[in-house]
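**Q** Chains as they are written, first to last, in UniProt numbering: chain E, 1 to 801; chain D, 1 to 801.
Read the hints as simulated data drawn from the structure, not as lab findings. These numbers were taken from a predicted model, which means no experiment stands behind them. Worth double-checking, as some hints may not be accurate.
[What the hints assert, rightly or not] Within a straight-line C-alpha distance of at most 20 Å, the following computed SDA-like cross-link-like pairs (lysine to any residue) qualify:
no.	chain 1	residue 1	chain 2	residue 2
1	D	K435	E	S665
2	E	K664	D	T453
3	D	K288	E	D486
4	E	K483	E	G436
5	E	K428	D	P451
6	E	K498	E	P485
7	E	K479	E	K457
8	E	K457	D	P451
9	E	K282	D	D653
10	D	K498	D	E516
11	E	K664	D	G452
12	E	K272	D	A383
13	D	K457	E	G430
14	E	K664	D	P286
15	D	K282	E	D662
16	E	K272	E	K282
17	D	K282	E	K282
18	E	K457	D	T504
19	D	K272	E	M779
20	E	K457	D	L669
21	D	K282	E	K764
22	D	K481	D	T504
23	E	K435	E	A383
24	E	K282	E	R262
25	D	K272	E	D662
26	E	K42	E	D27
27	E	K481	E	F466
28	E	K288	E	E264
29	D	K99	D	D146
30	E	K190	E	S241
31	E	K282	D	K99
32	E	K664	D	T504
33	D	K664	E	H281
34	D	K282	E	E264
35	D	K581	D	G539
36	E	K272	D	D62
37	E	K481	E	Q522
[Stated by the list, open to error] A few chain D residues facing chain E, derived, Cβ under 10 Å:
no.	residue
38	P137
39	S171
40	E229
Don't be surprised by glycine CBs; every beta carbon is placed ideally from N, CA and C.
2 protein chains.
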Amino acid sequence: MPSPLPPTGSLLWRSLRVFQVYGANTDVGKTVFASILCKAAKRHWHNEEVAFLKPVSTGPPDEADDQHLSKYAPEVLRETLFQYDVAVSPHIAARVSNKSVPPDNTLLARIRTFTSELASRTSGWLFVETAGGVHSPGPLGSTQADLYMPLRLPVILIGDAKLGGISQTISAFESLKIRGYDVGTVLLFKEDVYQNHIYLTDYFGERHGIPVYTATLPPARVAHRQSDEKNMSQYYREASSNDAAIKILQYLDTRHGQRIERLESMSSSAHKRIWYPFTQHKQLSPDKITVIDSARGDHFQTLVTSPSAQNGIASSTTETAGSSLSLLKPSFDGSASWWTQGLGHGNPALTLAAAYAAGRYGHVMFAEAVHEPALALAETLLAGTQNPRLTRVFYSDNGSTGTEVALKMALRAARVRYGWTTKDGNVKLGVLGLKGSYHGDTIGAMDSAEPGTFNEKVEWYEGRGFWFDYPTVLCSEGKWKVKLPDVLLRYCGEGEGKKERSFTSLSGVFELESREAGGQGQVYERYIVDTLKHLQAQGQKFGALMLEPVVLGAGGMLLVDPLFQKTLVNVVRRSTHLFAKPDTISQHGPPSSESDTTKWAGLPVIFDEVFTGMYRLGRFTAASMLGVDPDISVHAKLLTGGLVPLCTTLASDSIFQAFETDDKSDALLHGHSYTAHAVGCQVALESVRELQRMEARGNWNWAQKAQLGHDVLNVGHEDDSHRGQVLSPPLGRCGDGTPDKSTVGVWSVWSPGFVDWMSRQTAKVDGVWALGSVLAIHMKTLDGSAGDTRAMRLGRYRRLC
Amino acid sequence: MPSPLPPTGSLLWRSLRVFQVYGANTDVGKTVFASILCKAAKRHWHNEEVAFLKPVSTGPPDEADDQHLSKYAPEVLRETLFQYDVAVSPHIAARVSNKSVPPDNTLLARIRTFTSELASRTSGWLFVETAGGVHSPGPLGSTQADLYMPLRLPVILIGDAKLGGISQTISAFESLKIRGYDVGTVLLFKEDVYQNHIYLTDYFGERHGIPVYTATLPPARVAHRQSDEKNMSQYYREASSNDAAIKILQYLDTRHGQRIERLESMSSSAHKRIWYPFTQHKQLSPDKITVIDSARGDHFQTLVTSPSAQNGIASSTTETAGSSLSLLKPSFDGSASWWTQGLGHGNPALTLAAAYAAGRYGHVMFAEAVHEPALALAETLLAGTQNPRLTRVFYSDNGSTGTEVALKMALRAARVRYGWTTKDGNVKLGVLGLKGSYHGDTIGAMDSAEPGTFNEKVEWYEGRGFWFDYPTVLCSEGKWKVKLPDVLLRYCGEGEGKKERSFTSLSGVFELESREAGGQGQVYERYIVDTLKHLQAQGQKFGALMLEPVVLGAGGMLLVDPLFQKTLVNVVRRSTHLFAKPDTISQHGPPSSESDTTKWAGLPVIFDEVFTGMYRLGRFTAASMLGVDPDISVHAKLLTGGLVPLCTTLASDSIFQAFETDDKSDALLHGHSYTAHAVGCQVALESVRELQRMEARGNWNWAQKAQLGHDVLNVGHEDDSHRGQVLSPPLGRCGDGTPDKSTVGVWSVWSPGFVDWMSRQTAKVDGVWALGSVLAIHMKTLDGSAGDTRAMRLGRYRRLC
């Protein structure tokens, strides 16, 4: 299993002002401007250190930028981390050199080390100069703008004063901006023919509030070396001592101070002004609010409010001048920002997709109109689910609204087929579901879940339906077990009355056909049928079966026995007589076998895949793990790769047709202003396709193989005494034919060894399961009973490949 | 009143393949590559026309790019639209020349005319070559990438083979991409030292699926002119006849065909796969679905499916070779894409804001964490409303969810104060509102509106509340009238019994203090008090008053008499005895006068400003037009300037405190995965601040003055016989003191003359009103009665300034 590289923290010290010097192009005067700033800083802040860092330098050492500084700004501390002698881009210079080529994270770590040491010694200034233009490749090929993003250093952009330089400067600025860089100022030479500085001063001032400063051009080179150096020294003397240079530095100094001041006041301002979701504010204090400066990959960059926060040492003092600790540190995003992240924070491909759609459309209304991202995404999703029932895509904004759309669809379809009238106040249609289900926080979504912490105190909440008990799956002490709730034990026949069923592997749990063949579903079936009959006898009416397939997310990260869910769907689909009036049964009884695959039967089946879908559990849909094709499927969260809200509710024609009448008001009455907004659709398209490509390329094969290995280790060894012994792989049990959908690809990115180890921490851990990118650790409460559930994840599949 | 410039349609012809040649920098070989492509095209498609268009050329005419083509590619049709003799950027060259400088839209129109004429004559190829780099300024200073966006020509990007060229090429690409350009291919010279072509081939291929082609460098210039020309001719002969050049063209030709094919099949694919909101699909056919290729400013670029669609002539043939009509045409976005647009489609500032946040954060979870865009937006909104009650911001995804959040807030606050218990099934809290209100399509939002077309067929809909009748405002036959519903007539005292009240201006309607002083609110008050007593007698309980201030949007674009809404709020606020049990009244009776401005009284007052707020009606809030400070205020739609979904529910501390207890589950139980997503917050911040700056800069002063003029025209002339006569301006009536909030700034961007004229189209128009950017035309039905309402808008304030 490839291990994620350690993240590098952003660089921010109170007493050391660090800026990154980027150029709009090569040869625009980066080093000249850096020298001016260094010299001016040293002159003005003469008791402080001024340093110049060139992380990567190319070209003959005697022509290197730090040599230039050595000559003209000897008062400045200079350092070059990696020097390659050929005057080409670092990615080529590094390749043709005999020197070591640092991986990107090593390079970042070296910059951090240098900066930390400097900050621990002194206050002052540090200018970090890049090579070439903003997108010039670093030693290993990543462009600098991507490579240095995590440092989040404020930028001094050196503009291009030459012909064409306006374009170069604006484009370079945009490349930085779309990666979340903050450009503090633009500096460029004053050149009177092209007058780029005049245009750019207006442009950056008016549009971005960024000041542009100029310097006169350095003297023309002359052949005589000493004269040349004398001219240049004279130039620097003048340039570094005039008001403009000091003004720039004072401006940057002010911005530096304001940045820290703002970061440090944010939690208290938020504490006063923000009303957080699901948060008991009485228990919230400013120090509990995490200030997120930026995020990249799997990590936030968060404000360290005091050294104690980093060291675990009780201390109330904040970091002072001379500290080696940055004010920002990487923090692991353990819940993938509420399970939304797929390709990592600050992913440049998703950013560019969002910006492209914003530039091409903005948002365009979705009323009898269509645009490419919405259509392409609909086509991609319908094809991706491989569910022959699903033919239609309805767009909304989040899982909760998408669930309400699904409910409106299902209830109408059921009502129309079974002839229940709306105006009849006695017809209250409920949903069938599982206990602990969660579908969102709008009232309709709440109403579809059983009463519980998430809803019962909400004034308009009214649970509408019935929610089944169900067996759950957990690995404890190295063994996979299906645990039956008490109510199910009553239905167990002779020899079935075990509260737990053990499996040699999680794959075994998902071998649904063989488990069905072995009669394991019969207990479930008896319970379900009996319950439905009971509900029918009570006169309850239902309009939908709604499930979170495989895993109940917010309900406690419960892995439901997939056989139970499959059985539930199957029973509902063949039980029209338990839902409809007898006269409608004859009319709309079980559909003929030829139409079975597309028409809904019994009740419309809704799968809420908001949490489970889009590869969260390792597959495009979790439905495919059950071998069940729902009539309606809801997708959100990972859909947009973790960038902006968007939801799709997919439906079958059989559902759709219930709304097709001659009456306009029979249409599905739901819509949001930003329905199918182009930005969300384009980002989703980019993300979904990338995940599909990763699957097709076999990027997760290692995880599937590892899982296989794990299964192997346990086959026939439920007592776990032979961990090292290799036996036959469980996939082999599927026989020679095409493997059953539901048994292929049950895998996780979490190391099987780790899962196994965790399952044995019996003092604190009740059990554990891992699937796709989710790791759920069911903790014991203090008294040793099952209790809290901790859910972890690895947000990015990419990094693991 | 400044008039919007006519939009230019995108350029797309079936038989004429038009491409725009952009350079990663100046001097990268744009003209050389264009010449190669032109010559190769002419060789391969010898029966077709091949043309080269240089919209703007700078430098001596004999060195101009079309002279180069004239020399080396005489077989190609050449045209230069604007030629300036100085070899500097067009914005300077144009300024120093004595020639005319075309406004941007004139330049676009000239390009379109040239292209149309060419397309009408022949099939073939047209290469449109830009000047300098992608962001080099055009003649009037807009950068080319912005200027040429509306044409939506696919791009041939000429990469930079020099040192630094990798960076230049990627940045140029990104600047194009974030403006919605489609880059078809990247071409650059093969240069063996820097090897940019190797890096860029991988980069564009892997990341963007864009092929990169190379050509050998042209021969070095030699002093002898004839040798030089001979070398160059030889170079072109070889370069244009080799396979690579043909391969590029064939690739571009295929893409061109695919683009049209896709556009033409989109409506039928959408018809099969998309489930549209509010749409009776039985009445929908593919030809009714508008295909939107892009959008810019106030216009979509939509596919013309047949000439008939453009000419209104019945015809079933589609455009054929030789047509002068582009396949794309501009279509006015009459509803501002469901009232979301503020700064126009494809606004580069909003795009950059979105991309910046995406690059800096992606989305980061909003649980006890804070990030700059969310906090800064919260601060900006709280300050912007100038409502001293509002202190808290809760984020959600759209107006419907934001309304549900508001309801949860208000109902809880009322329940806690008045001591109603949740578990008591008899306590069903309703809302007070106005008939025809609309707050969204999730079940809770639906339940807060009276039964009607939008909700009553929805299975779980259950209207919870009471909705008042109310007087409306309309201008008909040049006169502003407040019309009273029948139920109110009963409450009119002697002399008050008029069904209509006339006003000399809309400003007069909003002079609430003087109208109150004149006793106009007394009728309203009697009706409201009487109704509330009646409801109390029935035992109905209420938890909120929820209003769309000033205008009911989806309910029919009804302009409600602001005095009625103000009176309703005032009566509710002082009528605790009509809502609470007597014992709680003593405890929580009318708050003391000192706390009046911040504590809710009677019932929490919710303003749904989703449609009306953020300057849609000309002010930051519509509440300010009523002089009312709600306890809870909901904002969406225009909030993000029309880019992505986001909603904020602002609340007072008095509401907030109802949730602060020692019980965690008393927290506000609502949250979405993308709560306060950084992209939405950043875009909203950019948009709201820009609108605030526009207000501060006085960008709409002309409209306010025009409105004033309009008022003037009508003062004392209700019979409208003296339109030209100027009398005293209505604002003068406010006296010498500070004008009352509610009478200042009632204005519209719609020409008063036009509104007046429209109000006189009595055969079809029942009445009209205009406020802010909204123009509502109430149409008569076929039988002459009031009926349909057409709502128009001008999406962009900016363009009007």
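**Q** Would you check the hint for E/K272 and D/A383, treating anything up to 20 Å between C-alpha atoms as holding?
**A** Holds, because 13 Å separates the two Cα atoms, which is no more than 20 Å.
**Q** Holds or violated: D/K99 with D/D146, Cα cutoff 20 Å?
**A** Distance of about 23 Å is beyond 20 Å: violated.
**Q** E/K481 and E/F466 were given as a pair; does the straight-line alpha-carbon distance stay at or below 20 Å?
**A** violated (26 Å)
**Q** Holds or violated: are the alpha carbons of E/K282 and D/K99 at most 20 Å from each other?
**A** Violated, at roughly 70 Å.
**Q** Straight-line Cα separation of E/K457 and D/T504 no greater than 20 Å?
**A** violated (51 Å)
**Q** Would you check whether D/E229 satisfies its interface hint, that is, whether its CB is within less than 10 Å of any CB in chain E?
**A** Where the cut-off is 10 Å and the nearest Cβ of chain E is about 25 Å from D/E229, the hint is violated.
**Q** Sort out whether E/G430 lies within 20 Å of D/K457, counting only the CA atoms.
**A** holds (16 Å)
**Q** Does the structure keep E/K457 and D/P451 at a Cα separation of 20 Å or less?
**A** With Cα atoms ~26 Å apart, E/K457 and D/P451 exceed 20 Å; violated.
**Q** With the threshold set at 20 Å, check whether the alpha-carbon distance from D/K272 to E/D662 stays at or below it.
**A** holds (19 Å)
**Q** Hint check: E/K288 vs E/E264, CA-CA at most 20 Å. Holds or violated?
**A** Holds, at roughly 13 Å.
**Q** Given the hint that E/K664 pairs with D/T453, does the C-alpha gap stay at or below 20 Å?
**A** holds (10 Å)
**Q** Taking the least C-beta to C-beta distance, is D/P137 closer than 10 Å to chain E?
**A** Holds, about 6 Å.
Of the numbered hints given earlier, the model fails hints 3, 7, 8, 17, 18, 19, 21, 23, 24, 26, 27, 29, 31, 32, 34, 36, 40; all others are met.
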